[in-house]
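J.: Note that the protein sequences, when read in sequence, are chains B and V. The opening position of the first sequence corresponds to residue 1 in our numbering, with each subsequent residue numbered one higher. The opening position of the second sequence corresponds to residue 1 in our numbering, with each subsequent residue numbered one higher.
Quick partial rundown of chain B residues pointing at chain V, CB under 10 Å, derived from the structure: (1) E84; (2) T118; (3) V162; (4) K184; (5) Y201; (6) G251; (7) R348.
Below, in silico cross-link-like pairs of lysine-lysine (PhoX-like), each with a Cα-Cα straight-line distance of 25 Å or less: (8) K70/B x K191/B; (9) K370/B x K115/V; (10) K98/B x K23/B; (11) K136/B x K98/B; (12) K32/B x K229/B; (13) K81/V x K184/B; (14) K136/B x K15/V; (15) K148/V x K98/B; (16) K98/B x K249/B; (17) K70/B x K35/B; (18) K148/V x K249/B; (19) K15/V x K81/V; (20) K149/B x K23/V; (21) K136/B x K23/V; (22) K129/V x K148/V; (23) K129/V x K370/B.
It is worth saying that the hints were derived from the structure and are not from the lab. Quick reminder that beta carbons are idealized off the backbone N, C-alpha and C, glycines included.
The residues making up each chain are set out below.
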Amino acid sequence: MGRKLLTEHINVEGIDTLEVYRKHGGYRSVEKAIKTMTPDEVVEEVKKSGLRGRGGAGFPTGMKWSFLAKPDGVPRYLVCNADESEPGTFKDRQLMSKLPHLLIEGMITSSYALGANTSYIYIRGELLYVLRILEKAIAEAYAAGFLGKNILGSGYDLDLHVHPGGGAYICGEETALLESLEGKRGNPRNKPPFPAVQGLYARPTVVNNVESIAAVPVIVNEGGDEYAKIGVGRSTGTKLISACGHLNKPGIYEIELGLPVEEFIYSDEYCGGIWKGRDLKAVVAGGSSVPILPKELILKTAAGENRLMTYESLSDGGFVTGTMLGSGGFIAMDETTCIVRNTWNFSRFYHHESCGQCSPCREGTGWMEKVLHRLEHGHGHMEDIDLLVSVAKQIEGNTICPLGEAAAWPVAAAVRHFRHEFEWHVTHAKEAAQPGAVYRAGAVLA
Amino acid sequence: MESTATKPQFSEAAKAEIARICKQYPEERRKSAMLPVLHIAQAEFGGWVSPEVQDLVAEVLGVKPIEVYEVSSFYTMFNLKPVGKHVLEICRTGPCMLRGSDELTQHLERITGAKVGGPASEDGLFTLKEVECLAACGFAPVVQVREKYYEQLDTQESVDAMLSELRNQVHRPALPWEETGLPNAVANN
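The shape of chain B in the complex, shown without the other chains (with noise of 0.2 Å):
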């Protein structure tokens, strides 16, 4: 059983009141942090805990914080990045909407860490709801004194407020996500000026996803020595699984950093299995941006070792037989799922999501969507395949965001470690196009 560092108390009844979250120890960070540590220790903490972006890109928080620039009397600003839209994704709407004074907790911790005397959570619109607890939870903090002025009687003043998106998964990407919050189109800005030199409102700013806002306080606790202690190397600490799809218990689960990922799926404390009694075929194991791998390769790596839940035991082998972490959005498929079906899924979403300002993302998203579905509706051709290869290469890197990758890599793994099945649909064209059609070893699975 592995520790639960954020999740403990997430089946508590009324842990979403302050009342309840302070009896189990909430805002102990807050206190510690503001009453006897510097802002800079607080920073110095983080960065040995080792903890890594939760969002997906993995980057090291504590250097992310420390690269913030602090000129003297310009404004800096917090935000958390909780426009959670990576499909397979769902854990920060499930950490938000059951214990929302964690959150509101490490973005006060983080605040006084950073500075920041006004701080932002963007929440996807979708979520309006979660919006409604977060803000129920801030009034709870200010008439608390955990917000607002003089915090705690230390001098520190503070203002968290909610702001929602409106749809666009582009705004995760965090120049976007700020452009939205000035109110306007989430179009991904031109780096540098990086956003901790000039972000919010040209001010310097950090953006930080929920889950690693939500790991501040436990580091603060504890200690970043006692949290880097948990995990595999540069794999500290514990990260949420969203498990979804062919899955006989999909759910959130906290796992500590190095799990095996065969233990992930089969055994009962985690995900129990693949439902129905199927076999499993596939994985993608961090969100749909990350490169799909089959069975063996997602279970072993092409050396033989067992596959961790780690960044560096999952992209062991790069993108020829490895992966990613990502965000930790784990997708199972059983025998009976198309890879050409889910990979034009996948490839619809990135083009409609596409904020159209980079011709190569635009065009490019739009031409694999149409290529794919003609090969999954039996109008395809062989020379369709490497076609796709070859849009995905041009998209790649050319980009002013990594939307681009984002499309590009599941396409490109999809055919690398499934091409049997893409030339199938074009040599099957017929059977291939009937609906709930699967390729598996030359038969036809209705």
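Since chain B is already given, all that's left is putting chain V on it; use the hints.
T.: What follows is chain V alone, placed relative to chain B:
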């Protein structure tokens, strides 16, 4: 000058909420309230934002109308055409597809008589809209109606329960700043 008779106006409760929201941003950054105010506008004016309503939003925020149009057309949550009383936003992305969202969509089209992306059902009750990932993948398939998520809609019973709940709603649920919810708009196809 447009005639004042047709010009939409926010309710007093909504005006107070907008004033509260605008205070969250620096005085000179009132435009930041764009998305929250558009959400309020859509809830106030029957589930969609007409050009007149968008002009009102521009006026309230002190920006040019084009600044509102370019935002409302970018974000998928804002309906730019009239909708039925209830907009059913069906998630169609991978994880929901793996758990039957295609079948759910077909089923909802059959039961309601509305088509995805088309006008509301003839009784004016339902508009069907396919949306991308709603961040509820572990509880797929999922439909969102206003602020509520209906999850695990993989049985006839769960879908029937959702539809009957919606059919029985005379008013939409009240928002935190309202005493009661507004009457649901009637579709105007």
